[in-house]
Amino acid sequence: TVGFLSGIAAAFTVLVLTFYLLLQTRVLEQITRFLIPKAHEETMIVVAKKLATKMGGWLRGQGILMLVIGILDGIVLVVAGVPYALTLAIWGAVTEIIPYIGPPLGAIPAVIIAFVDSPIKGLIVLIAYIVIQQIEAQFLAPKVLGKAVGLSPIIIIFALLIGAKLGGIIGMLLSVPAAAALSVIIQEWPTIRSVTKGS
3 TVGFLSGIAA AFTVLVLTFY LLLQTRVLEQ ITRFLIPKAH EETMIVVAKK LATKMGGWLR
63 GQGILMLVIG ILDGIVLVVA GVPYALTLAI WGAVTEIIPY IGPPLGAIPA VIIAFVDSPI
123 KGLIVLIAYI VIQQIEAQFL APKVLGKAVG LSPIIIIFAL LIGAKLGGII GMLLSVPAAA
183 ALSVIIQEWP TIRSVTKGS
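Residues in the sequence shown are numbered from 3 upward in steps of one, following my numbering.
Some hints here could point you the wrong way.
Only pairs whose alpha carbons sit at most 30 Å apart, straight line, appear in this in silico DSS-like list of lysine-lysine [said to hold, decoys possible]: (1) Lys52 with Lys145; (2) Lys51 with Lys149; (3) Lys167 with Lys149; (4) Lys149 with Lys52; (5) Lys167 with Lys52; (6) Lys51 with Lys123; (7) Lys123 with Lys149.
The set of hints was computed from the structure by calculation and includes no laboratory data. The structure displayed is predicted, hence computed values, not measured ones.
Please work from the sequences and hints to get the whole structure.
In structure tokens:
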């Protein structure tokens, strides 16, 4: 329970910080100008903007996944006639923030409530959620996040696995934006290296 709540808190913290960072791009430019020698500041501002673009893509990708999963869960719950369908669908969307672990956690309350209401409803919801989770894990998450941050779905999967190994839930959450930032650094490394040598 503590780990799960910590993961939810970390997820929202990362999302909020990323959102505010994207809103405060002017502040980011000012920080870059302050830290980087004047001769290289414009070059590094371009790199910083590319990093911000990647982070913005990741944030949009997470938003799309949450919306899609929330809608799919809501449709299943409404069609099955499960009580508190809207609340359970929102919960499913919120837990989608946590890669791989989030969808099962989002499904547990819905399945329990459906079984309490009717075993048949419970079975229908369980099967539907398993299908949705498989679609999310195997197709939606790698494709949506890969397209949003400009990375291959295979790289996304490897990043999630490495993040899980190194940092558990929080590591999985940070793995995709970290991979996106690393891709920008690798692409811009000649520029960054020339700046560091020049300074």
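Outcome of the hint check:
1. Distance check on the hinted pair: Lys52 and Lys145 sit about 21 Å apart at the alpha-carbon level, within 30 Å; holds.
2. In summary, the hint linking Lys51 to Lys149 is supported, as the alpha carbons are separated by about 18 Å, within the 30 Å threshold.
3. For the proposed pair Lys167 and Lys149, the alpha carbon gap of about 24 Å is at most 30 Å, so the pair holds.
4. Proximity of Lys149 to Lys52 is assessed by CA-CA distance (about 15 Å); at most 30 Å being required, the pair is judged to hold.
5. At roughly 28 Å between alpha-carbon atoms, Lys167 and Lys52 fall within 30 Å of each other, so this suggested pair holds.
6. Only pairs whose Cα atoms come within 30 Å are accepted, and Lys51 paired with Lys123 is rejected, the gap being roughly 49 Å.
7. A threshold of 30 Å between alpha carbons decides the hint, and for Lys123 with Lys149 the separation of about 36 Å lies outside it, so the pair is violated.
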